[in-house]
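Enquirer: Start from the sequences and build out the full structure, keeping to the hints where you can.
Residue numbers (the numbering used here), protein chains in the order written: chain P, 32 to 393; chain X, 2 to 320.
Hints in this document: simulated from the structure, not taken from any laboratory. Just to be clear, a hint being listed does not mean it is correct.
[As the list claims (entries may be wrong)] Part of the chain X face toward chain P, derived, beta carbon under 10 Å: (1) R37; (2) A165; (3) R246; (4) R311.
From the three backbone atoms N, C-alpha and C, an ideal C-beta is built for every residue, glycine too.
Residue strings, one per chain:
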Amino acid sequence: MQAPRPYNLVAELTYRCPLRCAYCSNPLGYREVPEALDASAWCRTFQQAAALGALHVGLTGGEPTVRADLDEIVGGAAGAGLYTHLVTAGTTLEAGALAALRDAGLRSVQLSIQDSRAAESDAMAGVQAFERKLAFAEEVRALELPLTLNFVLHRHNLERVSEIIDLARRLDADRLELANAQYYGWALPNRAQLLPTRTQLEAAARAVSRARREHERPEILFVLPDYFADRPKPCMGGWGRRTIVVAPDGRVLPCHAAAQIPGLEFWSVAERTLAECWADAPGLNAFRGSGWMREPCRSCPERDRDFGGCRCQAFLLTGDAASTDPACQLAPRHDVVREARAAAERSEPTPRLVYRGETLQG
Amino acid sequence: MSGDEAARAWSPAEFEKRLRRIGEERYHHRHPFNLRMHAGDLGRDEIRTWVCNRYYYQTRIPIKDSLILAKARDPGFRREWVQRLHDHDGASASEGGLELWLALAEAVGLERAAVESLEHVLPGVREACDDYVRFVESHDLLESVAASLTELFAGDIMVERIAAFEKHYAWVDSAGLRYFRKRTQQAPRDATWGLDFVLREARARQDQELCTAALQGKCEILWRLLDAVEAAQRRPLLARSAQLRIDPVGDQTLVVLPERAVKLNESGREILALCDGERTAATIALELRRRHPEVEQLESDVHEFLTQMRRLGVLASPT
Numbered sequence: 032m033q034a035p036r037p038y039n040l041v042a043e044l045t046y047r048c049p050l051r052c053a054y055c056s057n058p059l060g061y062r063e064v065p066e067a068l069d070a071s072a073w074c075r076t077f078q079q080a081a082a083l084g085a086l087h088v089g090l091t092g093g094e095p096t097v098r099a100d101l102d103e104i105v106g107g108a109a110g111a112g113l114y115t116h117l118v119t120a121g122t123t124l125e126a127g128a129l130a131a132l133r134d135a136g137l138r139s140v141q142l143s144i145q146d147s148r149a150a151e152s153d154a155m156a157g158v159q160a161f162e163r164k165l166a167f168a169e170e171v172r173a174l175e176l177p178l179t180l181n182f183v184l185h186r187h188n189l190e191r192v193s194e195i196i197d198l199a200r201r202l203d204a205d206r207l208e209l210a211n212a213q214y215y216g217w218a219l220p221n222r223a224q225l226l227p228t229r230t231q232l233e234a235a236a237r238a239v240s241r242a243r244r245e246h247e248r249p250e251i252l253f254v255l256p257d258y259f260a261d262r263p264k265p266c267m268g269g270w271g272r273r274t275i276v277v278a279p280d281g282r283v284l285p286c287h288a289a290a291q292i293p294g295l296e297f298w299s300v301a302e303r304t305l306a307e308c309w310a311d312a313p314g315l316n317a318f319r320g321s322g323w324m325r326e327p328c329r330s331c332p333e334r335d336r337d338f339g340g341c342r343c344q345a346f347l348l349t350g351d352a353a354s355t356d357p358a359c360q361l362a363p364r365h366d367v368v369r370e371a372r373a374a375a376e377r378s379e380p381t382p383r384l385v386y387r388g389e390t391l392q393g
Numbered sequence: 002m003s004g005d006e007a008a009r010a011w012s013p014a015e016f017e018k019r020l021r022r023i024g025e026e027r028y029h030h031r032h033p034f035n036l037r038m039h040a041g042d043l044g045r046d047e048i049r050t051w052v053c054n055r056y057y058y059q060t061r062i063p064i065k066d067s068l069i070l071a072k073a074r075d076p077g078f079r080r081e082w083v084q085r086l087h088d089h090d091g092a093s094a095s096e097g098g099l100e101l102w103l104a105l106a107e108a109v110g111l112e113r114a115a116v117e118s119l120e121h122v123l124p125g126v127r128e129a130c131d132d133y134v135r136f137v138e139s140h141d142l143l144e145s146v147a148a149s150l151t152e153l154f155a156g157d158i159m160v161e162r163i164a165a166f167e168k169h170y171a172w173v174d175s176a177g178l179r180y181f182r183k184r185t186q187q188a189p190r191d192a193t194w195g196l197d198f199v200l201r202e203a204r205a206r207q208d209q210e211l212c213t214a215a216l217q218g219k220c221e222i223l224w225r226l227l228d229a230v231e232a233a234q235r236r237p238l239l240a241r242s243a244q245l246r247i248d249p250v251g252d253q254t255l256v257v258l259p260e261r262a263v264k265l266n267e268s269g270r271e272i273l274a275l276c277d278g279e280r281t282a283a284t285i286a287l288e289l290r291r292r293h294p295e296v297e298q299l300e301s302d303v304h305e306f307l308t309q310m311r312r313l314g315v316l317a318s319p320t
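Expert: Structure, rendered in structure tokens:
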């Protein structure tokens, strides 16, 4: 199959992270994933990505700044002509390190914060980090780097969306991503604790639209989460279509979560070129295009818009990655999502959050 | 929303509360341009642009009110509503709201004839005001009256505006403010009558919702008017996060931004090249008009492009 042009490379440099967020999107078995790529292997991958047509690289993880060779990696990404974006929790860089990254070619920074309030933010992060994050945001600004703030939203912080927007304005962010928690990785076992009510979401949407009307900055990204929409999200803009994810072990994936789908074979840039891994790995071709679809997706007029939704979600919620994403109202197993929503409305007592790195029960 | 709830009408008090809440949240008193006007932050050019463009809105009001009159079957309604035509057009050419607005235009240093010609009206302002007239044309009497209920909120904004002009814009002759003074009395009187009409006539929930939607739509029209006025005065500049480059595949010009890339065509490149942080959007449109006298709708295309680029983060837009 002729592989589509990738526009974006997501480079998961490591799964190490000092934070323990209960909605972390890293795989539950992240500890078993080796860090197989040194800086020169990453730099080679960046060159190959640019040759395939990629314009952006997001350096992420885990926490990418725990890598001692980050300067060299940033330099390699910028040298390949990629717009180089660092995704960080902002707690680990030594003084002066960010300036060095900028000088190496870093173009923009995304900082994650867990809440608008220190105690709540630190409680979710599992470490004291809030004040350091604010100081880091100021450093980004002082270096005149564009700043995106990312807040993952869930039932315990959705009511503070206005406060979060105020904080982003105070920190002079260019963009604010209000990212509703997605139920993969650590978020899925914590879903009963995190899933909001529709009332909460609607109030947040109103706060967002008001802020957008009245303030030009920051640009706010907020979309209704797929559990509450009628149709599934066009996950990753389509499987193996626009974005390449390279995991710390070098495996080339269509998204952060695809490695957990059993039976899919992905290849590693430690052993082959990125072009081969992207175009020919059986796992990447498993759900490209629409040939794999069954009904109701196969004849659905929206199949080229939402690409059948998310394969990982289909697998996690139904056990079958080729089934219709249960977030879709037309999905045979939409009942799973409907029931999760109904449980959130009932607000039953739920077990405490399981933080990233803790042992899951049952 | 459940079917039961949809069927139940709001009490008049609840209905009125909802209408007023729309005003609190969406009326243009909250628009950044209006806030800057009342805080004394506007320059003379900005005041002039606003006065010149808002005149277009003033000229549409009697047209809109005539359309409403033509929908009314009740002589009592018409007798009341026709008062608005007199208020705007005056009993003779030397009185009335339109005339008072032209006096304001002169007081801020604009030429009466230039304002009356409507030649300098921004495309976005024209579209917003024309949308209002079209709404009234295509909707029934009740919804049209509901849309006019922005008058409920006009009295307060006029009081603030008079104070702001006297305090911050002393260069405007106070005689020029007669329009605002007059509206502090007319608007609340008209609005009270209009509100009573809407509360009385919209009894079913469905009609009530059509009325709140109409009022919300009208608030949006006023908001868009100020958006367009504000946008024309911006001095756009390529955002610092933006990187211009040639696409290695297919050699189009791209603007690359955090997690986004925008393709530019030839005219987009030409417009962007003029975005130097010195020229206003209006000046850029003039410059392009000079270069391309033959192109139709060039001004609205330029403003539309600049708005879109701002929304995408390509342009920083210090005012």
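Enquirer: Would you mind marking each hint as holding or not holding in the structure?
Expert: These are the hints, each one checked on the structure:
Look at X:R37: its Cβ only gets to about 12 Å from chain P, farther than 10 Å, so that hint breaks. Interface hint at X:A165: violated, since its Cβ lies 19 Å from the closest Cβ of chain P, which is beyond the 10 Å cut-off. The restraint placing X:R246 at the interface with chain P holds, with a minimum CB-CB distance near 8 Å, inside the 10 Å limit. Annotation: interface hint on X:R311 holds; nearest CB of chain P at approximately 8 Å, less than 10 Å.
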